[in-house]
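Protein chains: 2
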Amino acid sequence: MASNFNIRKACSTDLSSIVRLLANDPFGKQRESFQDPLPEQYHRAFTEIDANPNNYLIVLEDGKKIIGTCQLTIITHLTYQGGKRGQIEGVRIDESYRGQGIGKLMIEWAINKSGELNCHLVQLTMDKKRLDTIEFYQKLGFTASHEGLKLHLG
Amino acid sequence: MASNFNIRKACSTDLSSIVRLLANDPFGKQRESFQDPLPEQYHRAFTEIDANPNNYLIVLEDGKKIIGTCQLTIITHLTYQGGKRGQIEGVRIDESYRGQGIGKLMIEWAINKSGELNCHLVQLTMDKKRLDTIEFYQKLGFTASHEGLKLHLG
Numbered sequence: 001m002a003s004n005f006n007i008r009k010a011c012s013t014d015l016s017s018i019v020r021l022l023a024n025d026p027f028g029k030q031r032e033s034f035q036d037p038l039p040e041q042y043h044r045a046f047t048e049i050d051a052n053p054n055n056y057l058i059v060l061e062d063g064k065k066i067i068g069t070c071q072l073t074i075i076t077h078l079t080y081q082g083g084k085r086g087q088i089e090g091v092r093i094d095e096s097y098r099g100q101g102i103g104k105l106m107i108e109w110a111i112n113k114s115g116e117l118n119c120h121l122v123q124l125t126m127d128k129k130r131l132d133t134i135e136f137y138q139k140l141g142f143t144a145s146h147e148g149l150k151l152h153l154g
Numbered sequence: 001m002a003s004n005f006n007i008r009k010a011c012s013t014d015l016s017s018i019v020r021l022l023a024n025d026p027f028g029k030q031r032e033s034f035q036d037p038l039p040e041q042y043h044r045a046f047t048e049i050d051a052n053p054n055n056y057l058i059v060l061e062d063g064k065k066i067i068g069t070c071q072l073t074i075i076t077h078l079t080y081q082g083g084k085r086g087q088i089e090g091v092r093i094d095e096s097y098r099g100q101g102i103g104k105l106m107i108e109w110a111i112n113k114s115g116e117l118n119c120h121l122v123q124l125t126m127d128k129k130r131l132d133t134i135e136f137y138q139k140l141g142f143t144a145s146h147e148g149l150k151l152h153l154g
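The listed protein sequences correspond, in order, to chains F and Y.
122 is the number that the numbering used here gives to position 122 of the first sequence; each next residue is one higher, with no gaps.
144 is the number that the numbering used here gives to position 144 of the second sequence; each next residue is one higher, with no gaps.
Bound-form chain F, shown alone (with noise of 0.2 Å):
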């Protein structure tokens, strides 16, 4: 990793910083409010996020300023003999440094993290409106095997 890039674990004071992330983007564009202050919904959903032990929510720095963010969810299923899965979600990078290969660092860190938790897979699902995005994700070794289905509620 190139030396003034830091990936960590969020803390609350980030907030702000990530949802910023969260919502410069064409889709959370239209499903995000990052205004000042920040709607109560998201600090309520950090406190959560952040009190689950299987969840890793980190963001990545330049120096102090934050650049990229992702969750990592570890979820424990019955199936392949109880294994235990990486799921990643969330993932934004300042569109700043967009092409940089901050993406791969933060994709990396999740993978590394999942297999230190013995995870036997990473997982993650893309839109598939987002054309230019499953490229980078092969290269990382994912597979497009799954569809990913979404049912959104009332």
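Careful: at least some of the hints might be erroneous.
Which copy? The list can't say, so a pair holds if one copy fits it or any two copies do.
[As the list claims (entries may be wrong)] Below, computed lysine-lysine pairings styled on DSSO-like, alpha-carbon distance capped at 27 Å: (1) Lys-150 / Lys-64; (2) Lys-64 / Lys-129; (3) Lys-139 / Lys-9; (4) Lys-128 / Lys-84; (5) Lys-150 / Lys-65; (6) Lys-29 / Lys-84; (7) Lys-84 / Lys-64; (8) Lys-104 / Lys-64; (9) Lys-139 / Lys-129; (10) Lys-9 / Lys-84; (11) Lys-29 / Lys-64; (12) Lys-9 / Lys-129; (13) Lys-65 / Lys-128; (14) Lys-84 / Lys-150; (15) Lys-139 / Lys-64; (16) Lys-64 / Lys-128; (17) Lys-129 / Lys-65; (18) Lys-139 / Lys-128.
Just so you know, the hints here were simulated from the structure itself, not pulled from any lab data.
Keeping the supplied structure of chain F fixed, place chain Y upon it in accordance with the hints.
Same frame as chain F, but now just chain Y:
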């Protein structure tokens, strides 16, 4: 629900019946190990799943016979303004009961439970080789909007 079908949370004495269902499947056959006694790792995974209040490992019974199972896991993210999702995994129906709407009962249970728990989304991934299964989920309202990317670790 037909009068003799019942859905309930799984308990440890159901474990062998659940693994029997997991193993009796074209994919499960290659991955699971249904033996008596059951390999220790299934017991370990059951204990972990059961201890985590975000998990709902359920069985569907016909009288006293376990004929279906699935796991619903509730995950909180920062995305969607701190939204919760219900994630379904390990869906299996006894082969002699297939095509009778049992799977529908179970997935509807998971959708309803996710709604009760204030989830905004229900999701699952489905192996693209399970050709005939996608229509089942589409009829229940799911959309194949995402790629399901998987990376198996050493």
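- request: Could you place Lys-84 and Lys-150 in one of the four classes (within, between, both, neither) given a Cα distance threshold of 27 Å?
  value: Both. Shortest intra-copy (22 Å) and inter-copy (13 Å) distances satisfy the 27 Å Cα cut-off.
query: Between copies, within a copy, both or neither: which fits Lys-64 and Lys-128 at Cα up to 27 Å?
result: neither (33 Å within a copy, 43 Å between copies)
Homo-oligomer pair classification [Lys-65, Lys-129; C-alpha up to 27 Å]: neither (29 Å within a copy, 44 Å between copies)
- prompt: Under a CA distance limit of 27 Å, which applies to Lys-29 and Lys-84: within one copy, between copies, both, or neither?
  reply: between (33 Å within a copy, 18 Å between copies)
field: Intra- versus inter-subunit Cα pairing at 27 Å for Lys-139 with Lys-64
entry: Intra 29 Å, inter 49 Å, cutoff 27 Å: neither.
query: Between copies, within a copy, both or neither: which fits Lys-9 and Lys-84 at Cα up to 27 Å?
result: both (21 Å within a copy, 20 Å between copies)
task: Using 27 Å as the alpha carbon limit, work out where Lys-139 and Lys-128 are close: within a copy, between copies, both or neither.
output: both (17 Å within a copy, 20 Å between copies)
task: Classify it for me, Lys-104 with Lys-64: is the Cα-Cα distance of at most 27 Å met within a copy, between copies, both or neither?
output: Classified as within: same-chain Cα gap 20 Å, cross-chain 50 Å, threshold 27 Å.
task: Evaluate Lys-150 and Lys-64 at a C-alpha cut-off of 27 Å and name the case that applies: within, between, both or neither.
output: neither (36 Å within a copy, 33 Å between copies)
- prompt: What label fits Lys-29 with Lys-64 when the C-alpha limit is 27 Å: within, between, both, or neither?
  reply: within (25 Å within a copy, 50 Å between copies)
message: If the cut is 27 Å between Cα atoms, do Lys-84 and Lys-64 qualify within a copy, between copies, both or neither?
response: The answer is neither: 33 Å in one copy and 30 Å across copies each exceed 27 Å.
message: I want to check one pair: Lys-9 and Lys-129. Are their C-alpha atoms no more than 27 Å apart within a copy, between two copies, both, or neither?
response: neither (29 Å within a copy, 37 Å between copies)
Of the numbered hints listed earlier, those contradicted by the structure are 1, 2, 5, 7, 12, 13, 15, 16, 17.
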